[in-house]
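*Asks:* Given next are the chains, with one letter for each unit.
Protein chains: 2
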Amino acid sequence: MDLKKMLANERVKSYLLKARYGIEKESHRVDLSGNLAKTDHPTSITLKDDHPYIQRDFSETQLEFITPVMETVEDLFHYLAAIHDVAYRSMDENEMLWPLSMPPQLPKKEEDIAIAKLKNVGNYKYRQALSQSYGRRKQMVSGIHFNFEFGEELLQALFSLQSEIKDYQQFKAEIYLKVTRNYLHNRWFITYFYGASPISEKNFFEYHSLDKAVRSIRGSKYGYVNADEVKVSYSSIQSYLSDLSLMVKRGLLSEEKEFYAPIRLRGGHHFSDLKDHGVQYIELRNIDLNPFETYGISYTQIEFLHLFLLYLLWKDEEYGDDWGKMGDLNNEIVALEHPLARTQFEREAKKMIDEMENLVEILDVTVSDTVFVHLREMLMNPNKTLAGRLYLESEKSSQSQVATSIAKQNQKKSRDKPYQLAGFTDMELSTQILMFDAIQQGIQVEILDRQDQFLKLKLKDHVEYVKNGNMTSKDNYVSTLIMENKTVTKKILHQHGFRVPKGEEFQTIDQALRSYHLFSTKPFVVKPKTTNYGLGISIFKDGANYEDYQKALKLAFKEDSSVLIEEFINGTEYRFFVLEDKVYAVLLRIPANVKGDGNHSIEELVMQKNRDPLRGKDHRTPLEKIQLGELENLMLKGQGYGMDSIPQEGEIIYLRENSNISTGGDSIDVTDQIPEDYKKIAVDAVSALGVKICGIDLIIENTEVPADHENAYGIIEANFNPSMYMHIYPYKGESRRLTMHIIHYLFPELLQSQESKSVKRVVKDGFTTVGC
Amino acid sequence: MDLKKMLANERVKSYLLKARYGIEKESHRVDLSGNLAKTDHPTSITLKDDHPYIQRDFSETQLEFITPVMETVEDLFHYLAAIHDVAYRSMDENEMLWPLSMPPQLPKKEEDIAIAKLKNVGNYKYRQALSQSYGRRKQMVSGIHFNFEFGEELLQALFSLQSEIKDYQQFKAEIYLKVTRNYLHNRWFITYFYGASPISEKNFFEYHSLDKAVRSIRGSKYGYVNADEVKVSYSSIQSYLSDLSLMVKRGLLSEEKEFYAPIRLRGGHHFSDLKDHGVQYIELRNIDLNPFETYGISYTQIEFLHLFLLYLLWKDEEYGDDWGKMGDLNNEIVALEHPLARTQFEREAKKMIDEMENLVEILDVTVSDTVFVHLREMLMNPNKTLAGRLYLESEKSSQSQVATSIAKQNQKKSRDKPYQLAGFTDMELSTQILMFDAIQQGIQVEILDRQDQFLKLKLKDHVEYVKNGNMTSKDNYVSTLIMENKTVTKKILHQHGFRVPKGEEFQTIDQALRSYHLFSTKPFVVKPKTTNYGLGISIFKDGANYEDYQKALKLAFKEDSSVLIEEFINGTEYRFFVLEDKVYAVLLRIPANVKGDGNHSIEELVMQKNRDPLRGKDHRTPLEKIQLGELENLMLKGQGYGMDSIPQEGEIIYLRENSNISTGGDSIDVTDQIPEDYKKIAVDAVSALGVKICGIDLIIENTEVPADHENAYGIIEANFNPSMYMHIYPYKGESRRLTMHIIHYLFPELLQSQESKSVKRVVKDGFTTVGC
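Protein sequences, first through last, are from chains A and B. Its first residue numbered 11, the first sequence is counted upward by one per residue in this note's numbering. Its first residue numbered 11, the second sequence is counted upward by one per residue in this note's numbering.
No lab work stands behind these hints: they were computed from the structure. All clues given are correct.
Note that the list lumps identical chains together, so a pair holds whenever it fits in one copy or between two copies.
Straight-line alpha carbon distances no greater than 20 Å define the calculated PhoX-like cross-link-like pairs of lysine-lysine that follow:
#	residue 1	residue 2
1	Lys702	Lys484
2	Lys501	Lys466
3	Lys512	Lys28
These numbers come from a predicted model, not from an experiment.
I would like the entire structure built from these sequences, with the hints used as guidance.
*Replies:* Written out as structure tokens, the structure is:
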């Protein structure tokens, strides 16, 4: 079959760039000086061996990050970023991730390298066997495994264009075998551009060390390779499989997964899947960590790899296993070239770049403008390759210092905005924090709809869907509809004996005007029935004259076709976050304000307060910057101030009437200060509404007066999608990790396993000290 | 205390017309000739004695309608209307309600009057005792009991204006006692205007009959009154209660509730409540059925009664029980006056009307303009009183014929639009039908928010909230959010192995344009992500050129910021209504169409088809009228027709591309025609979404092909608030009473009690034939 022709076929073209990607990336935990961490794997990350995103590889310090399979490179990076964020913030704050493939300085004694303290005895024993075969030092090398699958539509379109092979699975196998063979032959190309392990740190080589810098120690024979006798044929799946079995039978490999080829054929998660399901994807294993990228690999690299694999599918090959052997030899040459030397395969490399560029035109695929410019630049100037750059940088101080400094930058970036989850910062804050917690707890997170904050969470066979952080299967539909309707909420609470502001609902201004006399002399509020954020609300603390009443109605009817006029209840408003019959947080919200120091103007004080990294704009941060707009100026004017007035020391100046966080208000956690009887009111009211997750607003005149006193409190509103981040990152007071409570509510089995964790941990400790 | 002054106080004025109202109304079931029905109480109305809305009074034919307590007269009438509708449509279609207080012709033998066949032995025995004391004939008289309570704010405002009485309960008692005494004294006023039982039918009087027509037989000594010896003081609650106890002790009354005063002091549902809770309201019992009103009483009558009671509270009284006794005498005179004679109390009546009119001015309350005009008119011309009108009408034929004809009109009105519930016709059809079923089943229905279709349903202590007919506590929140999001729905169904149209979501036109090649040659649909009613949807059954593709995208992006492009699945679309893992209905929707007869033009055929009473406008009817607008004309033009074309006999002409009922489509029930395997697909898909109540749309190419064949079906959409009325009133095919299934799903205890009903009925039958 003529793949060159087939790939250029119109029916195929639209699918050429459709693919699925996955990344596994290893990194060591180090302390702030760049030495291997002496601590155990972070306990905040669920300690199971089979954590879907963050596992331990060979040693206790060696984290392995695993992305889910993604259909776009963008999505792949989102997960890679998020997993890094979770790892960084789950680790001790004095630890960071070593950004190089070559490990930092190792202990002198090999046995001081701690094998990962896994629960599963088999997993632990496998690592012990590896240390015996290869030595622990070599196992400390880290890298990236890049999993790649051609799009199903592409493969099926290609399949339909030929008639030689009748079986689709066999056809797929042939496709991947061709790419694999060509990859083996041409992988020196990758090593030249992206090899990034020029020198080793202390104690990596036990007896002798390399006498010069190279492009990639990891990609050379000094890296992590099988014994020379391990040889496998790639001419067909059958021979590939039978050769591997033979290697195991002969004792050259302890099991099939010990086969450390630079590229592997994969049928699924387990080796046996290849036999059962045929080739599903390939795994490129010879990618060094890119030290200059926060996540160890760049977007352009992946784009290049995809294009390169397409090119290898297109490119003619010479059959026979020599083709692969030649590749090994060529790669060894390139890997051991000096990082600043021009490669001896420059001509071949140039030709391949030309061919790839030509292919892009023939196939009419879209790639970044700079891909080929960049490749040619690196080819002509080895200083620009990864190995070249790292080597040059290290010359100025040392490779270890360079690596430590990069690690610090990466760590700082992740810790600077702890409320964000990298890769998903466009999503709602509460959803970002919930995703963080889910990933940390080893729950698989799938984004069903990003704009809509719609998640699928999965722990083993247990699936939960979550929207906007706390809209879940635990609440029933009609209860949320009750909360959405203020009139209905009040009626039901009233029927259950709770105090709610008395009021009436009106559909027309005229109707409301006729009822003026019912309210005129009392404290009351005019508000639209369903809108939020305080729009269209007027408060009259001492009644109102007819004109003001009329104005307030007009404002409210602008926002909604139904307007409520309610008794105004005096006191302080508290937000109670209730989850499954328990109050987990109580928050006091205070209108935007500054505190005078007798020195600075109000404008300056606002600017000072706004410097808090928790304050930002448009709900991208837990608090909002205080504005100095029309409303704030009016409010100041009402108090006899201007922006340039200088308040006295300790004087509090309010810039807003309303206490919403969204208009610069302060959030203060008062969970521990609110008496139990008021918490019980909140819990009982939420229960009367039949709700499990609720933010309920109580006005309390004096928390020291018992809640059962007449008019001690009034319930203003119940919210079915209460903000969580404002409790997690309050302006003052204790943080309440509500997202984690939501996770535990949805997946109670996590708590059960944690309750028995102490027992299990004893077992584990015993296991490691016995050292069997 | 000076009530005249207190009532005119500014603090009181705003509350003067605040009150609570309730009505109990008796009516006999009669056949179409106006004879007492020989059938038992309708079994479709729950047969419990304590049905909240529809009970039996003394005899098996005597229905008693009970409204809940309402705060406005409008609301009172809504319930009164609805309860009548439920009764009418629960009765045999050959039965109707007798509109007069005096019963229709009675059986010759008194024992042929069937006492109500109640389950409760005590209730049955009480009626037996009554027949012995008063005779069954008198118990057959029907009327209205009007329950009235002054607004709490009014009473409290009045209470605060005086200092004589310190106890609020005692104050309330004094208020109601004054009104009661004045009512007893002045009730002849009511009898004159609204007395409406001028003559009796055959066999009402056993031995002698009245020799002339009067104003109110029921209001006179010939009505339903206690023995002369029964005398009770109204000077205080204490004496009222002790007198009543005395009457019972002396055997003059079998129990307190046998006290048939024209007005009663009430403390609650039971007599004992009066002792325990004090006076809460008063019950006016001397209101004859108004034959000219569908519900036995008019809005103006209630408005008048309210004003009259306020007037009685204001009006000075002379103390002493003679005041009441004089009232009895005066009332007897007026009740027995000829219906066309001017009353001998004309002067007093005129004075009272003047005083009432004056009071309205003093108190500044709003009443209908015509109230006093109408009263004066009736006073001057007895022909205009109810008794006068009925008597005059009856002169033309007979009172029985007049009553029969009125009954027929009322019955027809209720049966003409069976899909509506009178009193609530502004609500959604499905909600109206659900309320009908709930009322019929004896479930208390409270409207929490009328605009929002928000109901509270209550059966004993079991409360369920329902919005829009089927948004309930049974569904979980996130499942409904899943259904609201088409992309998420599809992803989840796909992950569970169901066939859904493949597709992609786009946020910008440019993005979508770049993917043109992915769809260009296939059948596909362009649609906005969240809008409904078919707006912005374009279908390309054979692919599309770039221009049409671009146009379709523009249309769709007009409706939503996200647009889906989906594979078009060929076949017929069916709506499956799934409830708790069972398919209860399958509907086929066909685009608006007419069938030619070789004679009439398309326009004429449309007009003919639109005459169906099920067709209307704006979702007020189960089907919509076919329009002949721009789209329909275009569609005709596309087929080479115009509005005046005459299709051949049997030819079907489609006027729309889309099959929505809202654009004149036909609904055809095919529940019994759809094979089980497709029903299982629907049930399993709904279950995969975690939903209990769902309308799921399947496209099936050929229902005779098994559902597990490749591409046998495709799932288009799942709807979380599926229309029910279209299944209940389909254009063709069997009606599926989904609302009743919802009721039974929410209240499974109803089915349990119905299962055991057959047993209970045997008991009941045995009980009545034994006749103990």
